[in-house]
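Chemist: Quick mapping for you: the protein sequence lines, in order, are chains A and B.
Read in order, the letters of the first sequence correspond to residues 65 to 265 in the working numbering.
Read in order, the letters of the second sequence correspond to residues 58 to 252 in the working numbering.
Bear in mind the hints are in silico, worked out from the structure with no lab data behind them.
Honestly, I wouldn't trust all of these hints.
What the hints assert, rightly or not - Which chain B residues stay away from chain A? Per the calculated CB distances, all over 10 angstroms, these:
#1 Ala133
#2 Ala140
#3 Thr152
#4 Phe187
#5 Ile232
Stated by the list, open to error - With a cut-off of at most 25 angstroms between alpha-carbon atoms, the simulated DMTMM-like pairs for lysine to aspartate or glutamate come out as follows:
#6 B:Lys151 - A:Glu223
#7 A:Lys228 - B:Glu222
#8 A:Lys197 - A:Asp158
#9 B:Lys151 - A:Glu93
#10 B:Lys78 - B:Glu60
#11 A:Lys228 - A:Asp190
#12 B:Lys151 - A:Asp190
Ideal Cβ positions, reconstructed from N, Cα and C, are used throughout, including at glycine.
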Amino acid sequence: MITGILAFVALASFFGLVLGLSAVIFKVESSPVVDQIDALLPQTQCGQCSFAGCHQYAQAIASGDAPINKCPPGGDNLIQSLADLLDVEALPLDETEAAHSGPIVAVIIEDTCIGCTLCIQACPVDAILGAAKQMHTVIESECTGCELCVAPCPVDCIEMIPIKQTISNWRWPEPQYHTNNQAASTIYTTLDQVLAENTQA
Amino acid sequence: MNEYFLLLVSTIFVNNFVLVKFLGLCPFMGSSRKLEVATGMALATTFVLTLSSASSYLVNTYILLPLEIEYLRTIAFILVIAAVVNFTEMVVHKTSPMLYQVLGMFLPLITTNCAVLGVALLNVQTGYGFFESVLFGFGAAIGFSLVMILFASIRERLAVADVPEIFQGAPIGLITAGIMAIAFLGFAGLDKGLH
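Just chain A, with the same shape it has in the complex (with noise of 0.2 angstroms):
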């Protein structure tokens, strides 16, 4: 009993000072500016700005490949304090990532609609029902999300809003495919053709 408790702290005191030591020993030094740019960056590695974790896009901030703008967790105080750390502008955040990772719907606020027809005319689906001077509104089940309404709208008053998942609604998640792998790409692609004239017929 006594012995093995004395050859475990013998041995983890062990390990620990060898560990210890070559962390000093063996230190990676790291670009002093990616570091800062790490501190700041939330440590959330949600993926969101698209690379593989936080580390990764602060390296890509610092080397000037990645915009200061990509990360929605942070909001505009990240891009604030990043702007300020690196000396370059703030920039508006981008969400474009983050909005089209899920499917969207365009939704009219209808208070602030005027009834000028414009969105009706872009709807390539008809999805959008009203007259000339009367409130319209977007039939949710027909919008396939396009965003094509919103630029026409005089008074800016159609939102994309993510569609909320219900149970009725789910399916399985896609297929992967590389897109590099041309002839997966090809089955992929009719497949999907075949499923589009399907929905249309």
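Dock chain B against the given chain A, drawing on the hints supplied.
Modeler: Coordinates of chain B only, in the frame set by chain A:
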């Protein structure tokens, strides 16, 4: 010499750690979606398994047995494997950034892989010598790598296959793994036949 060859064949095919002994299934299912990831995982596991079977043999023979504290074997092995892997990770990070990029993120994960501890404990149970232990660890790792790469290649094709809706995702992966396990059972008796 013949013995060592038999030991390798037996650990790689006949007693394959993943498909016959069902150890280390977590990385087998978890990181086999892409071939590159699976290859990195396989390389890192090969490295860790060989190293850990050597170090755990040394700890068992020169510390646990003389002090008569064999009952602490499992926890001692966990400690040793974790420390050795961490140490190597630091050395690799410093000396070879290229290798670190390939193995880096897998090394800390693998310390908690049950195949690694399984090999160390099986070495002691079977009573292998030092060289045999290392060879057993290496063979187990080669077997793991082989299965890992095969499975990842199959899964890359499965991703574009027309799988019935209820089988998509993990279920077809598990079914594939089961069929592979049955296929590997075909190797049973191969090591006896070579004798």
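Chemist: All the hints need checking, so say for each whether the structure fits it.
Modeler: Going through the hints against the structure:
Once the 10 angstroms rule is applied to beta carbons, B:Ala133 is inconsistent with being away from chain A; the minimum gap is 7 angstroms. With a closest Cβ-Cβ approach of about 4 angstroms to chain A, B:Ala140 is found to fall inside the 10 angstroms limit, against its non-interface label. Distance check for B:Thr152 against chain A: the nearest CB is about 8 angstroms away, which does not clear 10 angstroms, and the non-interface claim fails. For B:Phe187, the shortest C-beta to C-beta distance to chain A comes to about 19 angstroms, beyond the 10 angstroms cut-off, and the non-interface label holds.
The non-interface label for B:Ile232 is consistent with chain A: the shortest C-beta to C-beta separation is roughly 16 angstroms, beyond 10 angstroms. Simply put, B:Lys151 and A:Glu223 have alpha-carbon atoms about 51 angstroms apart, too far for the 25 angstroms limit, and the pair is violated. A hinted pair counts as satisfied when its Cα atoms are at most 25 angstroms apart, and A:Lys228 with B:Glu222 qualifies at roughly 22 angstroms. Under the criterion of a C-alpha separation no larger than 25 angstroms, the hint pairing A:Lys197 with A:Asp158 is inconsistent with the structure, at around 35 angstroms.
Proximity of B:Lys151 to A:Glu93 is assessed by CA-CA distance (about 9 angstroms); at most 25 angstroms being required, the pair is judged to hold. For a cut-off of 25 angstroms, the pair hint linking B:Lys78 to B:Glu60 stands: about 21 angstroms separates their Cα positions. Only pairs whose Cα atoms come within 25 angstroms are accepted, and A:Lys228 paired with A:Asp190 is accepted, the gap being roughly 22 angstroms. Between B:Lys151 and A:Asp190 the alpha-carbon distance is near 61 angstroms, which puts this suggested pair outside the 25 angstroms criterion.
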